[in-house]
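Number of protein chains: 2
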Amino acid sequence: METFEFYTPTRVLFGKGQEENVGKLVKEFGGTTVLLHYGGQSAERSGLLGKVRKCLEAEGIEYVEFGGVQANPELPKVREGIALCLKEKVDFVLAVGGGSVIDSAKDIANGAANPDVDVWDFSLKKATPAKTLPKGVILTLAAAGSEMSESCVVTNPETNLKRGYNSRLNRVQFTIENPELTYTVSKYQTACGAVDIAMHTMERFFSPGEDTDLTDALAEAVLRTIIKNGRIAFYEPENYAARGNMMWASSLAHNDLTGSGRRWLLQVHQLEHELSGLHTNITHGAGLAALWGSWARYVYKNCMSRFVRFAVNVWGVQEDFEHPERTVMEGIRRQEAYYRELGMPLSIREFSIKEEELETLAEMCSFGKSRVVPGYKDLAYEDMLAIYRMSFEYEG
Amino acid sequence: METFEFYTPTRVLFGKGQEENVGKLVKEFGGTTVLLHYGGQSAERSGLLGKVRKCLEAEGIEYVEFGGVQANPELPKVREGIALCLKEKVDFVLAVGGGSVIDSAKDIANGAANPDVDVWDFSLKKATPAKTLPKGVILTLAAAGSEMSESCVVTNPETNLKRGYNSRLNRVQFTIENPELTYTVSKYQTACGAVDIAMHTMERFFSPGEDTDLTDALAEAVLRTIIKNGRIAFYEPENYAARGNMMWASSLAHNDLTGSGRRWLLQVHQLEHELSGLHTNITHGAGLAALWGSWARYVYKNCMSRFVRFAVNVWGVQEDFEHPERTVMEGIRRQEAYYRELGMPLSIREFSIKEEELETLAEMCSFGKSRVVPGYKDLAYEDMLAIYRMSFEYEG
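Protein chains in written order, with the working numbering: chain A, 1 to 396; chain B, 1 to 396.
Be careful, since some hints might not be right.
Since the list gives no way to pick one copy over another, a pair counts as held whenever it fits inside one copy or between any two copies.
[Stated by the list, open to error] Quick list of in silico lysine-lysine cross-link-like pairs, DSSO-like style, CA-CA up to 27 angstroms:
id	residue 1	residue 2
1	K24	K125
2	K377	K51
3	K16	K51
4	K77	K125
5	K301	K369
6	K51	K354
7	K125	K301
8	K131	K27
9	K51	K187
10	K131	K24
11	K125	K369
12	K377	K125
13	K131	K187
14	K16	K54
15	K126	K228
Read the hints as simulated data drawn from the structure, not as lab findings.
Can you make the complete structure from the sequences, with help from the hints?
Spelled out as structure tokens, the structure:
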């Protein structure tokens, strides 16, 4: 067990109708002028935004609206939000949406509270936010886990770089989680969400560490829950229990619970960020699914016992004690079969990626062949290229 | 899944040497004059208190010492602590110890911050603390989970009533968890701790609720972890991984994680509080062990599927699909065999309880035959008496 700090101060209000409390909560956390931040028009059509406006008004809270965040949120939009906050003297940022809106809200809050720093420097880790604005979330998509995480990921379209940074200040003050608000999420986005949620925990599970019995068992609990409930939500979009278990898993999968005492490395995420940085039409979860199997086959020999454990405890594979590799492979196969069942790609060829882009991806991910992403097997440029190529050529 | 609020703002610093950060942390949370609160002399002998004094002094923090808290902390001592806080203008309470010291610290902090209220009224639920003092913990016993819980339990020796109350204000600001600080915990107290930790989660697991897949899986993860690591710590007191997993389980078992979306009822705890309220020499964990099996055999027919799940998922019992009761009984037997292996009692006769006290216990627990403790099977006076009697007569 490695030394760790665990700090998840976000207050969660979970269940039907909890969005009615948003005005009261903003007020409790000192908000008087709110940036009401959201994505497209679905929150308007569903009536959610109308409800939020009413709740804020009922508490006498001023608000400025700032919608239009896209998936894989982009830096220019963040800069626009910061300017708006400064102009309107915003003192609270409310994100209504999923991970993209929440990450945009975090970056805006950090930028607005530190107007003398270029906000992109936070993503490049050239600067660290010294303060921030308080933030709240009304969650409409179970996927990114940003509602309880300390991470924030934004893309710079000038360089195609998608970069994340962590800070204690990135924890939001509250998250409102009403599973009904995710009933209208499409089959495809539901599947991408199931992949993303599980991946936050799988990356922790497959990061080096030892003797973390409790953490490992909690991680397996999250993974089995997502396998079952992701599938139910895919086939029955209005199943409250399935949507609810997915939503709660989304928060716990990425609030650090499932990695306490292990190192926290993100090999598959790093590989994927270049994909959806280069092609912003790729949904993060789908990109992760397309890379995971190839990554697993490339690295598993360096951590056989973890992959055996994954196969047995997560997928219920009957262990072959004499031939552990067979157990490992069956675990990987079941994970991929699950991805396929949910309509997820197993090869990056299924996107618009071209073969000549593979080297570009590996160069980006290795910061021009200079960075090694550590793990049970460290990944340098050649390894990254090999994994991108395995995925590109995968016929499974 | 029921509606719930989840709020665990306590910052956890886990690992070797983390106690060195105590001065810095107290300062960060605004402490300038600290009540240094502890139990007996073991923290002095081990050198821990000396280290704490030095860390506080290094940060220029004043402190007043207040030791001598006993197991099952008592009201007069709390009142004394409150008076001391008021006299010395204490603005931070630091608990060095286990659940008894932490609960005493919580009650003192609430009493000192609300000097116009009789602190016992909080326990009687006649009053609610409106504010409190900030609090920190250096944990030296993995058991009560008070370091992350919102509960506080104190005994009034005038009436022998042991009563708990919950409040968001009872969450401490930080907890320092260095597993090495528990190496000297005796075999008996280690066993009592394993029982107490698991019981916080078992009580949630056996409280009514439905479709809480994630919560149930997390609960089972905690329970399996405690079974394994409690046993290792019992036989190998200086096993870091076992002490570490127990310590972290202690915090997560009672911070609400393992009950989210279920009702939160405490039948076995309520029954036990009367035992250790009446006989303060009874260790809470041992009292719980002595009651659990009888409670389980009394109520299981009202929640067969939960007991089958417990047997299969926690104890690995091979399920008898045709005769579920056999599976249930095997689960209960394994739990009791585990208690016995760790030297825990299975009958309250093993304490100094006399047969003529059984009615007194049931009367106390039912508040003079007026209270029903709800659950899958509600427990009124007659039920409580039956369970106390079953435990008293148990020959297993």
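Checked hints:
no.: 1; hint: K24 / K125; result: between (35 angstroms within a copy, 26 angstroms between copies)
no.: 2; hint: K377 / K51; result: neither (50 angstroms within a copy, 40 angstroms between copies)
no.: 3; hint: K16 / K51; result: within (14 angstroms within a copy, 49 angstroms between copies)
no.: 4; hint: K77 / K125; result: within (20 angstroms within a copy, 51 angstroms between copies)
no.: 5; hint: K301 / K369; result: within (24 angstroms within a copy, 64 angstroms between copies)
no.: 6; hint: K51 / K354; result: neither (45 angstroms within a copy, 62 angstroms between copies)
no.: 7; hint: K125 / K301; result: neither (33 angstroms within a copy, 59 angstroms between copies)
no.: 8; hint: K131 / K27; result: both (20 angstroms within a copy, 18 angstroms between copies)
no.: 9; hint: K51 / K187; result: within (26 angstroms within a copy, 57 angstroms between copies)
no.: 10; hint: K131 / K24; result: both (24 angstroms within a copy, 19 angstroms between copies)
no.: 11; hint: K125 / K369; result: within (19 angstroms within a copy, 64 angstroms between copies)
no.: 12; hint: K377 / K125; result: within (24 angstroms within a copy, 56 angstroms between copies)
no.: 13; hint: K131 / K187; result: neither (39 angstroms within a copy, 47 angstroms between copies)
no.: 14; hint: K16 / K54; result: within (18 angstroms within a copy, 50 angstroms between copies)
no.: 15; hint: K126 / K228; result: neither (41 angstroms within a copy, 45 angstroms between copies)
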